[in-house]
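Undergrad: From first to last, the protein sequence lines stand for chains A and B. The working numbering puts the first sequence at residues 8 to 209. The working numbering puts the second sequence at residues 8 to 209.
None of these hints come from the bench; they were simulated from the model. C-beta: ideal position from N, C-alpha, C; glycine also. Please note that a few of the clues may not be correct.
Unchecked claim - Some but not every residue of chain B turned toward chain A, in silico, with C-beta under 7 Å: (1) Leu15; (2) Ala23; (3) Pro26; (4) Gly29; (5) Ile55; (6) Asn61; (7) Phe64.
Unchecked claim - Listed next, the in silico DSS-like pairs over lysine-lysine satisfying Cα-Cα at most 30 Å (straight line): (8) A:Lys67 with B:Lys13; (9) B:Lys30 with A:Lys67; (10) A:Lys13 with B:Lys13; (11) A:Lys13 with B:Lys207; (12) A:Lys30 with B:Lys67; (13) B:Lys207 with A:Lys97; (14) A:Lys30 with B:Lys145; (15) A:Lys45 with B:Lys45; (16) A:Lys66 with B:Lys174; (17) B:Lys207 with A:Lys30; (18) B:Lys169 with A:Lys31; (19) B:Lys145 with B:Lys97; (20) B:Lys174 with B:Lys207; (21) A:Lys67 with A:Lys45.
2 protein chains.
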Amino acid sequence: MNISSKLLENAVNALATLPGIGKKSALRLALHLLQRDKDSVQSFCAAISGMRNNIRFCKKCHNLSDGDLCAVCASHRREHSLVCVVESIKDAMAIENTQQYNGVYHILGGIISPIEGIGPNDLNIQSLVERVNSGEVKEIVMALSPSIEGDTTIFYISKLLKDADVKISTIARGVSFGGELEYTDELTLGRSIVSRIPYKNE
Amino acid sequence: MNISSKLLENAVNALATLPGIGKKSALRLALHLLQRDKDSVQSFCAAISGMRNNIRFCKKCHNLSDGDLCAVCASHRREHSLVCVVESIKDAMAIENTQQYNGVYHILGGIISPIEGIGPNDLNIQSLVERVNSGEVKEIVMALSPSIEGDTTIFYISKLLKDADVKISTIARGVSFGGELEYTDELTLGRSIVSRIPYKNE
């Protein structure tokens with residue numbers, strides 16, 4: 008691609024560093040930004056750099072926050088004795104969007120992965136243990152990826168908490184709602200038979 | 008979507024103003040930017056605001072430029088007597104990318120469209136007439152959209168230049184290379200028969 012202006016080229020290269028945006032889309036976005044007035048582009052940049060520079064993390068659950076505590080941890084309506092342990096902020100958002108969960112969260116910031124060089128000390132595990140030891144937590148729900156790394160992390164945390172007076176559960180796994188048995192992968196289908204649940208006629 | 012942080016929400020809303028980026032993609036981009044280090048995000052914003060604030064337009068052809076003249080107008084290798092008139096910067100880039108054109112450009116900045124309230128005075132038509140009157144232009148190639156607005160603009164410019172000593176041509180229209188006759192729209196196919204060209208056995 009032949010871009011006549013160095014300034015435009017810099018902007019295109021910057022936009023093309025975003026995930027899922029190639030050179031051609033980046034050019035389209037840059038030309039769009041050029042057509043907007045200067046104030047609008049200024050506030051666009053201010054919103055992004057403001058977010059990166061000023062965002063903080065909740066002291067309790069490590070979620071994104073504008074203050075010391077995030078909205079969930081600060082709320083009196085949430086059940087603070089129920090903690091859902093997730094890998095990332097995105098996962099907490101996904102669970103929050105279901106509107107089915109009324110407890111609080113704990114963001115690990117990753118899962119134990121020796122291949123990627125992520126050990127327990129790189130994650131927010133110590134602060135989870137402290138939360139449990141403070142006595143306010145009654146149940147921990149592990150909502151981690153169904154992978155070897157996820158299972159390792161659950162195993163590691165459960166070992167750390169084996170003497171604590173806390174119930175540990177994991178989210179239910181099985182065939183998705185609307186999913187067809189024929190197209191379900193073997194591991195999921197196999198596990199869903201092994202961990203079958205009694206039929207309740209409600 | 009439930010976004011816990013006001014700062015994140017601002018950034019997501021800003022990113023979602025870009026064309027083709029919805030709220031969900033914007034969230035993905037914002038979380039990606041949060042994971043990058045502060046310097047990288049700072050230079051990302053600097054590239055965009057630098058482009059918007061410092062970019063200039065070529066005094067001759069109105070294309071994007073970092074200086075008074077764009078690279079094409081400043082080049083001694085281009086044929087300055089051949090001017091291709093296009094609607095937008097994007098169109099000039101598309102023609103430049105074919106590497107088949109050795110003349111210079113003139114960007115109108117739009118086409119005459121009474122419905123959208125764009126008249127001849129909103130476009131860079133006067134400067135085109137001045138370029139022609141200065142005597143350096145021998146031929147003008149009209150490369151505008153094949154629409155009523157495009158045709159109107161060509162007609163208007165040709166009227167203005169009827170006394171000038173300049174040849175006016177339009178780019179060839181017809182069935183695309185690789186296009187199948189069966190799937191070509193009727194207008195294009197009809198016109199391609201009417202404006203048929205003599206067969207040359209080269």
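Undergrad: Does each hint hold? Answer for all of them.
TA: Checked hints:
no.	hint	verdict
1	Leu15	6 Å, holds
2	Ala23	11 Å, violated
3	Pro26	5 Å, holds
4	Gly29	12 Å, violated
5	Ile55	5 Å, holds
6	Asn61	6 Å, holds
7	Phe64	10 Å, violated
8	A:Lys67 with B:Lys13	18 Å, holds
9	B:Lys30 with A:Lys67	28 Å, holds
10	A:Lys13 with B:Lys13	35 Å, violated
11	A:Lys13 with B:Lys207	43 Å, violated
12	A:Lys30 with B:Lys67	28 Å, holds
13	B:Lys207 with A:Lys97	63 Å, violated
14	A:Lys30 with B:Lys145	36 Å, violated
15	A:Lys45 with B:Lys45	23 Å, holds
16	A:Lys66 with B:Lys174	73 Å, violated
17	B:Lys207 with A:Lys30	39 Å, violated
18	B:Lys169 with A:Lys31	39 Å, violated
19	B:Lys145 with B:Lys97	24 Å, holds
20	B:Lys174 with B:Lys207	24 Å, holds
21	A:Lys67 with A:Lys45	40 Å, violated
The structure does not agree with the numbered hints 2, 4, 7, 10, 11, 13, 14, 16, 17, 18, 21 stated previously, though it agrees with the rest.
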